[in-house]
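K.L.:
Chains as they are written, first to last, in this note's numbering: chain A, 1 to 163; chain B, 1 to 564.
Derived by calculation from the structure, the hints in this document are not laboratory data.
Ideal placement from N, C-alpha and C gives every residue a C-beta, glycine not left out.
Hints are all accurate, no fakes.
Pairwise CB distance ranges, derived in the manner of DEER restraints:
#, chain 1, residue 1, chain 2, residue 2, range
1, B, 174, A, 54, 39 to 45 Å
2, A, 51, B, 343, 44 to 50 Å
3, B, 184, A, 51, 27 to 33 Å
4, A, 162, B, 173, 28 to 34 Å
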Amino acid sequence: MRHIISILMENEAGALSRVAGLFSARGYNIESLTVAPTEDPTLSRMTLVTYGTDEIIEQITKQLNKLIDVVKLMDMTEGPHIEREMMLVKVRAEGERREELKRVTDIFRGRIIDVTARSYTIELTGAGDKLDAFLQALEQAVIIEVVRSGVSGIARGERSLKI
Amino acid sequence: MELTGAEILVHSLQDEGVEYIFGYPGGAVLHIYDALYRQDKLQHILTRHEQGATHAADGYARSTGKPGVVLVTSGPGATNAVTGIATAYMDSIPMVIFTGQVSTHLIGNDAFQEADNIGITRPCVKHNFLVKDVNKLAETIKKAFYVATTGRPGPVVVDIPKDITAQKADYHYPDTVNMRSYNPVHVGHAGQIKRAVKLMLGAKRPMIYTGGGVILGNAAEPLTELARLLDFPVTNTLMGLGGYPATDRQFVGMLGMHGTYEANMAMHHCDVLIAIGARFDDRVTGNIEKFCPHAKIVHVDIDPSSISKNVKVDVPIVGSVDNVLRAMVEVVKGGNKRPDVESIRAWWEQIDEWRAKDCLKFDRDSELVKPQYVLETLYKVTGGDAYVASDVGQHQMWAAQFYKFDKPRRWINSGGLGTMGFGMPAAMGVQLAHPGETVVCVTGEGSIQMCIQELSTCKQYALPLKIVNLNNRYLGMVRQWQEFFYQGRYAMSYMESLPDFVKLAESYGHVGMLIDKPGDVEAALIEAMKLKDRLVFMDFITDQTENVYPMIPAGGGLNEMILI
Chain A
1 MRHIISILME NEAGALSRVA GLFSARGYNI ESLTVAPTED PTLSRMTLVT
51 YGTDEIIEQI TKQLNKLIDV VKLMDMTEGP HIEREMMLVK VRAEGERREE
101 LKRVTDIFRG RIIDVTARSY TIELTGAGDK LDAFLQALEQ AVIIEVVRSG
151 VSGIARGERS LKI
Chain B
1 MELTGAEILV HSLQDEGVEY IFGYPGGAVL HIYDALYRQD KLQHILTRHE
51 QGATHAADGY ARSTGKPGVV LVTSGPGATN AVTGIATAYM DSIPMVIFTG
101 QVSTHLIGND AFQEADNIGI TRPCVKHNFL VKDVNKLAET IKKAFYVATT
151 GRPGPVVVDI PKDITAQKAD YHYPDTVNMR SYNPVHVGHA GQIKRAVKLM
201 LGAKRPMIYT GGGVILGNAA EPLTELARLL DFPVTNTLMG LGGYPATDRQ
251 FVGMLGMHGT YEANMAMHHC DVLIAIGARF DDRVTGNIEK FCPHAKIVHV
301 DIDPSSISKN VKVDVPIVGS VDNVLRAMVE VVKGGNKRPD VESIRAWWEQ
351 IDEWRAKDCL KFDRDSELVK PQYVLETLYK VTGGDAYVAS DVGQHQMWAA
401 QFYKFDKPRR WINSGGLGTM GFGMPAAMGV QLAHPGETVV CVTGEGSIQM
451 CIQELSTCKQ YALPLKIVNL NNRYLGMVRQ WQEFFYQGRY AMSYMESLPD
501 FVKLAESYGH VGMLIDKPGD VEAALIEAMK LKDRLVFMDF ITDQTENVYP
551 MIPAGGGLNE MILI
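Between the sequences and the hints, there should be enough to build the whole structure, so can you do that?
P.N.:
See the structure below:
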């Protein structure tokens, strides 16, 4: 099963490589990984999407907790949560395609943020499956470039990951 | 008080109570060596290779419980130390390793003797630190010792660039450490402990299986008390030997791939398994699908990630083994319930039947020197009271089977990583920590040659090790597997062109002995032990075809042993 694990860790050089190294050394999967400082500059927040059986996820969270730089973590998927990912897509937009692309972008509540005579750059935010659906709705031939931020997530309601 | 980084390091080690630092100098650590030169509290032991330094510090740590300390230079100094660091990591040994680094402005420039020590050691340390600010050096050293010695212990690397060792800062060694991200649990959950005890008291065929955690956690005493209180059989892993007195009636020997018949059969048939400070290693469980099919399992460990990693357990308890075992003793004593006497008696009858198989028997009439006989005699001659450091291979298994350890921290071996070359340097660390005690290194002609250069260190510091070299002219364990599973195709397992070990020992200034007849074994060992202030290298020419029995072949369950 797919899990989103949020990690608060010391904002120190090498902390990211400890997490990445743990995943490669133990053969765990990483689907996506994002990391940035939080409102407390001594802490970074990492969001990691992984998948595995319950036993593997249990080991992953235990092994992550064992890393000295990891202060606290939460498996978002254990409760209600909001998942978001941002995507930038550059597409070929010429002739009658221009209008169609604009329409599809509107349907997905995306925004065109850069325009040339031959291309659009579209910004789209949502859960991973929405971004997948958008890409599927485009003809493969029009896509020039896709950039995805990787997933970030936050728990719904009062539940929070804080120290 | 303003000091240079090098002086801060030396003062910090003194304030930490360090006696010995094992190391090897080089360009990046010259300031530190200069600071060491200008003091006389810390003694530096110069090994002949950085691998030797890490193993020596490791042996010191294993035999004392205190952290081993290492100092090596940048680049090759650090990379040579990696095998020793990984060895300590796999067996959870507390060590602090200081590696030199090129000056901060050169880091990343492919400078002379530069290596990414933090990156290289990351997967084989509990934690590592790169010190980029001399003002944080003392605090970092304090943290390194704290992390290395608390919770599940392990090696910690502190990488120090050369310019930091020359810069000055105010020296103050902190008394305490506070790390918000590191708070190991010590006290076991009371409810879980009660559940575990309830399960144990209801057991008909109980089994206590303990590992290195009992040694590291200084829990031999409460373990013995609990086992005797309940009259349960006890088995130790390779790392756990000495955790329970081996000469005690309730001890059924080591378990696992080369464990005793009675220990493995009792494991397979038990209905309640109490695992304490052990990690269900593949050499212990055999085929995991066939492991303890009838048992409810209690698992006590200080590291939550050890629990339910390989084997799903019924009652997990996170905590220090010492604390949890004492709590278990209290709970048992505080209640009226005791294990069912009839069931336990029947269980012991069954175990004694397995014991009667005498699975460690060997040919006592052979005209060749049997390695088992050498170790049995070593046990006799030393009164079972020696520190025994072992290398890796057949001799290690025979030592584990035939030397009966009644006390913890007497058996020093590389169980997890299985590092050949570990034995002699580890024995050096043990001897330094225990001057006047008998320290034996059990080795083979393969392993000993991997760190043979340390004979020179032994001379320099007058370390009177007793080296028992079981020389069968084969990489014995490799040969055994090739005989059993590769139809006797002995690829690269024969050791040709061996040195004359007697002359080699003598050339280093030690005593050498060659023993090739069974009748000479005991006299040689007695004579060697009499030479209290000399290193004696005993080269036993042993039976080339002897194998370690019992053996669980790959894929086998604990009840599927090859017996002699």
